[in-house]
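In the order they appear, the protein sequences are chains B and X.
Per this note's numbering, the very first residue in the first sequence carries number 187; after that it's consecutive.
Per this note's numbering, the very first residue in the second sequence carries number 187; after that it's consecutive.
Hints were generated in silico from the structure; no laboratory data involved.
Every residue, glycine too, gets a C-beta built ideally from N, C-alpha and C.
Just so you know, not all the hints are guaranteed correct.
To be verified - For lysine-lysine, the following DSS-like pairs were computed, each having C-alpha atoms within a straight-line distance of at most 25 angstroms:
| id | chain 1 | residue 1 | chain 2 | residue 2 |
| --- | --- | --- | --- | --- |
| 1 | B | K267 | X | K267 |
| 2 | B | K214 | B | K319 |
| 3 | X | K240 | X | K289 |
| 4 | B | K251 | B | K310 |
| 5 | B | K267 | B | K214 |
| 6 | B | K298 | B | K267 |
| 7 | X | K319 | X | K251 |
| 8 | X | K310 | B | K251 |
| 9 | X | K251 | X | K214 |
| 10 | X | K240 | B | K298 |
| 11 | X | K295 | B | K289 |
| 12 | B | K240 | X | K240 |
| 13 | X | K290 | B | K310 |
| 14 | B | K240 | X | K267 |
| 15 | X | K267 | X | K217 |
| 16 | B | K267 | B | K251 |
| 17 | X | K251 | B | K290 |
| 18 | B | K267 | B | K217 |
| 19 | X | K267 | B | K310 |
| 20 | X | K319 | B | K240 |
| 21 | X | K251 | B | K310 |
| 22 | B | K289 | X | K319 |
| 23 | B | K221 | X | K217 |
| 24 | X | K310 | X | K289 |
| 25 | B | K240 | B | K310 |
| 26 | X | K217 | B | K298 |
| 27 | X | K251 | B | K298 |
| 28 | B | K310 | X | K217 |
| 29 | B | K199 | B | K298 |
| 30 | X | K240 | B | K290 |
| 31 | B | K298 | X | K290 |
| 32 | B | K289 | X | K251 |
| 33 | B | K199 | B | K217 |
| 34 | X | K217 | B | K240 |
| 35 | X | K319 | X | K298 |
To be verified - Counterexamples of contact, computed for chain B against chain X with all Cβ distances above 12 angstroms:
| id | residue |
| --- | --- |
| 36 | K199 |
| 37 | A209 |
| 38 | K310 |
| 39 | S313 |
| 40 | T318 |
2 protein chains.
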Amino acid sequence: MPLNIDFVTPFVKSTVDFMTTMAQVEVKAGKPFAKTDITAMGEVTGIISMVGEKHTASLAISFTKSAIVAITNNMLGGTIKELEMDVIDTVGEVTNIVTGGAKKLLVLKGYKFGISLPSVILGKGHSVVHTTKAPVVVIPFSTDNGDFFIEICSMSLKKEKVN
Amino acid sequence: MPLNIDFVTPFVKSTVDFMTTMAQVEVKAGKPFAKTDITAMGEVTGIISMVGEKHTASLAISFTKSAIVAITNNMLGGTIKELEMDVIDTVGEVTNIVTGGAKKLLVLKGYKFGISLPSVILGKGHSVVHTTKAPVVVIPFSTDNGDFFIEICSMSLKKEKVN
Numbered sequence: 187m188p189l190n191i192d193f194v195t196p197f198v199k200s201t202v203d204f205m206t207t208m209a210q211v212e213v214k215a216g217k218p219f220a221k222t223d224i225t226a227m228g229e230v231t232g233i234i235s236m237v238g239e240k241h242t243a244s245l246a247i248s249f250t251k252s253a254i255v256a257i258t259n260n261m262l263g264g265t266i267k268e269l270e271m272d273v274i275d276t277v278g279e280v281t282n283i284v285t286g287g288a289k290k291l292l293v294l295k296g297y298k299f300g301i302s303l304p305s306v307i308l309g310k311g312h313s314v315v316h317t318t319k320a321p322v323v324v325i326p327f328s329t330d331n332g333d334f335f336i337e338i339c340s341m342s343l344k345k346e347k348v349n
Numbered sequence: 187m188p189l190n191i192d193f194v195t196p197f198v199k200s201t202v203d204f205m206t207t208m209a210q211v212e213v214k215a216g217k218p219f220a221k222t223d224i225t226a227m228g229e230v231t232g233i234i235s236m237v238g239e240k241h242t243a244s245l246a247i248s249f250t251k252s253a254i255v256a257i258t259n260n261m262l263g264g265t266i267k268e269l270e271m272d273v274i275d276t277v278g279e280v281t282n283i284v285t286g287g288a289k290k291l292l293v294l295k296g297y298k299f300g301i302s303l304p305s306v307i308l309g310k311g312h313s314v315v316h317t318t319k320a321p322v323v324v325i326p327f328s329t330d331n332g333d334f335f336i337e338i339c340s341m342s343l344k345k346e347k348v349n
């Protein structure tokens, strides 16, 4: 199954928009690559699903502790140091807003999705496995306070899934 | 927001059906309760989303290592001892089939959903936070080889989400 790169540009654009405007964090997107093994992610990961009649996709956005703590402090004007509730809420919010922004751009390409509630995974050294044969695209991002990355797995559906 | 118990019976029934027929594992459902804090889950967790026009829900099914290894060996006729790829695949499959079974029962109650691809989370002591103000229902299950539990978080949507 070929890598679906339709999703890359909308998510890069939506992430950069969010980080530079709402979080006021300078961010640089790296070169996307295909995920080939089960690698451990950051310490905190937001997961969200996009479910449509013809396509389904799942997204994981995983942060190093230093990156998400800095982003949260920028957004809330705080001096948080640990992965407390405000940070978890921020991960959920970033996941939701970035996906919502990408969705608007994907609509222009003919994709129609509903978006799930985000879930946030906590735990040092956790990994996320997307249970599908479709390739997973990883987009790395770097900030002055550490890295984060987005994994996207998208699939065309043969039959209608929303009924 | 009140606990939505519409989801409890369909998921209990679907889980017990799956475990007794496809996995040939005797399972006992415990009393459902409301999740009130961030508690660590099992060692491996399947996550799936249900996205409809009027409702959205997310489900996490989390297994102790001993429980899921026994279930996998029952299903595949193997002698696996660790959380290897077959076990991860089984978690994805259980998550998918149990949710598909519950969906059929929820349709009879007027719920209409599309189901996302499942994701599987690995990592000792990870936790899953459902980022919503809606209460999370936990249904505990026990087997001879250990416990697993299902967390369900469901929410009515004010506006249409699948567009």
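Going down the list of hints, with the structure as the test:
For the hint linking B/K267 to X/K267, the alpha-carbon distance of about 39 angstroms lies beyond 25 angstroms, and the restraint is violated. Taking the CA atoms of B/K214 and B/K319, the gap is about 29 angstroms. The hint is violated against a cut of 25 angstroms. Using a Cα cut-off of 25 angstroms, the hinted pair X/K240 and X/K289 holds, with the two alpha carbons roughly 14 angstroms apart. For the given pair, B/K251 sits about 10 angstroms from B/K310 by alpha-carbon distance, which is consistent with the 25 angstroms threshold.
Taking the CA atoms of B/K267 and B/K214, the gap is about 23 angstroms. The hint holds against a cut of 25 angstroms. Restraint check: the Cα-Cα separation between B/K298 and B/K267 comes to about 39 angstroms, which exceeds 25 angstroms; the hinted pair is violated. With a C-alpha separation of about 30 angstroms, the suggested pair X/K319 and X/K251 falls outside the 25 angstroms cut-off, and the hint is violated. A threshold of 25 angstroms between alpha carbons decides the hint, and for X/K310 with B/K251 the separation of about 18 angstroms falls inside it, so the pair holds.
Note on X/K251 and X/K214: the hinted pairing holds, with a Cα-Cα distance of about 18 angstroms set against a maximum of 25 angstroms. Proximity of X/K240 to B/K298 is assessed by CA-CA distance (about 16 angstroms); at most 25 angstroms being required, the pair is judged to hold. Distance check on the hinted pair: X/K295 and B/K289 sit about 30 angstroms apart at the alpha-carbon level, beyond 25 angstroms; violated. A threshold of 25 angstroms between alpha carbons decides the hint, and for B/K240 with X/K240 the separation of about 19 angstroms falls inside it, so the pair holds.
Restraint check for X/K290 and B/K310: the C-alpha separation of about 37 angstroms exceeds 25 angstroms, so the hint is violated. Taking the CA atoms of B/K240 and X/K267, the gap is about 39 angstroms. The hint is violated against a cut of 25 angstroms. Straight-line distance between C-alpha atoms of X/K267 and X/K217 comes to about 30 angstroms, which puts the hinted pair past the 25 angstroms bound. Restraint check for B/K267 and B/K251: satisfied, since their Cα atoms lie roughly 9 angstroms apart, inside the 25 angstroms limit.
For the proposed pair X/K251 and B/K290, the alpha carbon gap of about 41 angstroms is over 25 angstroms, so the pair is violated. Among the hinted pairs, B/K267 with B/K217 is inconsistent with the structure: their alpha-carbon atoms are about 30 angstroms apart, more than 25 angstroms. With a C-alpha separation of about 23 angstroms, the suggested pairing of X/K267 with B/K310 holds against the 25 angstroms cut-off. The hinted pair formed by X/K319 and B/K240 fails the criterion: a straight-line CA distance of about 30 angstroms is larger than 25 angstroms.
Pair hint X/K251 plus B/K310 holds up; C-alpha atoms about 18 angstroms apart against a cutoff of 25 angstroms. Restraint check: the Cα-Cα separation between B/K289 and X/K319 comes to about 24 angstroms, which is no more than 25 angstroms; the hinted pair holds. Between B/K221 and X/K217 the alpha-carbon distance is near 40 angstroms, which puts this suggested pair outside the 25 angstroms criterion. Among the hinted pairs, X/K310 with X/K289 is inconsistent with the structure: their alpha-carbon atoms are about 30 angstroms apart, more than 25 angstroms.
Distance check on the hinted pair: B/K240 and B/K310 sit about 35 angstroms apart at the alpha-carbon level, beyond 25 angstroms; violated. At most 25 angstroms may separate the alpha-carbon atoms for a hinted pair to count; X/K217 and B/K298 exceed this at roughly 39 angstroms. The straight-line distance between the Cα atoms of X/K251 and B/K298 is roughly 38 angstroms, outside the 25 angstroms bound, and the hint therefore fails. With a C-alpha separation of about 31 angstroms, the suggested pairing of B/K310 with X/K217 is violated against the 25 angstroms cut-off.
A hinted pair counts as satisfied when its Cα atoms are at most 25 angstroms apart, and B/K199 with B/K298 qualifies at roughly 18 angstroms. The hinted pair formed by X/K240 and B/K290 meets the criterion: a straight-line CA distance of about 20 angstroms does not exceed 25 angstroms. Our distance criterion of 25 angstroms between C-alpha atoms is met by B/K298 and X/K290, whose separation comes to about 24 angstroms. Taking the CA atoms of B/K289 and X/K251, the gap is near 37 angstroms; set against the 25 angstroms cutoff, the hint is violated.
A hinted pair counts as satisfied when its Cα atoms are at most 25 angstroms apart, and B/K199 with B/K217 qualifies at roughly 14 angstroms. Under the criterion of a C-alpha separation no larger than 25 angstroms, the hint pairing X/K217 with B/K240 is inconsistent with the structure, at around 38 angstroms. Our distance criterion of 25 angstroms between C-alpha atoms is met by X/K319 and X/K298, whose separation comes to about 22 angstroms. With a closest Cβ-Cβ approach of about 20 angstroms to chain X, B/K199 is found to remain outside the 12 angstroms limit, as its non-interface label requires.
Taking the minimum C-beta to C-beta distance to chain X, about 17 angstroms, the non-interface status of B/A209 holds against the 12 angstroms cut. Separation of B/K310 from chain X is inadequate, the least Cβ-Cβ distance of about 8 angstroms not exceeding the 12 angstroms criterion. The non-interface label for B/S313 is inconsistent with chain X: the shortest C-beta to C-beta separation is roughly 5 angstroms, within 12 angstroms. At the 12 angstroms boundary, the C-beta of B/T318 falls inside the reach of chain X, the nearest C-beta of that chain being 5 angstroms off.
Checked against the numbered hints given earlier, this structure breaks hints 1, 2, 6, 7, 11, 13, 14, 15, 17, 18, 20, 23, 24, 25, 26, 27, 28, 32, 34, 38, 39 and 40; the rest are met.
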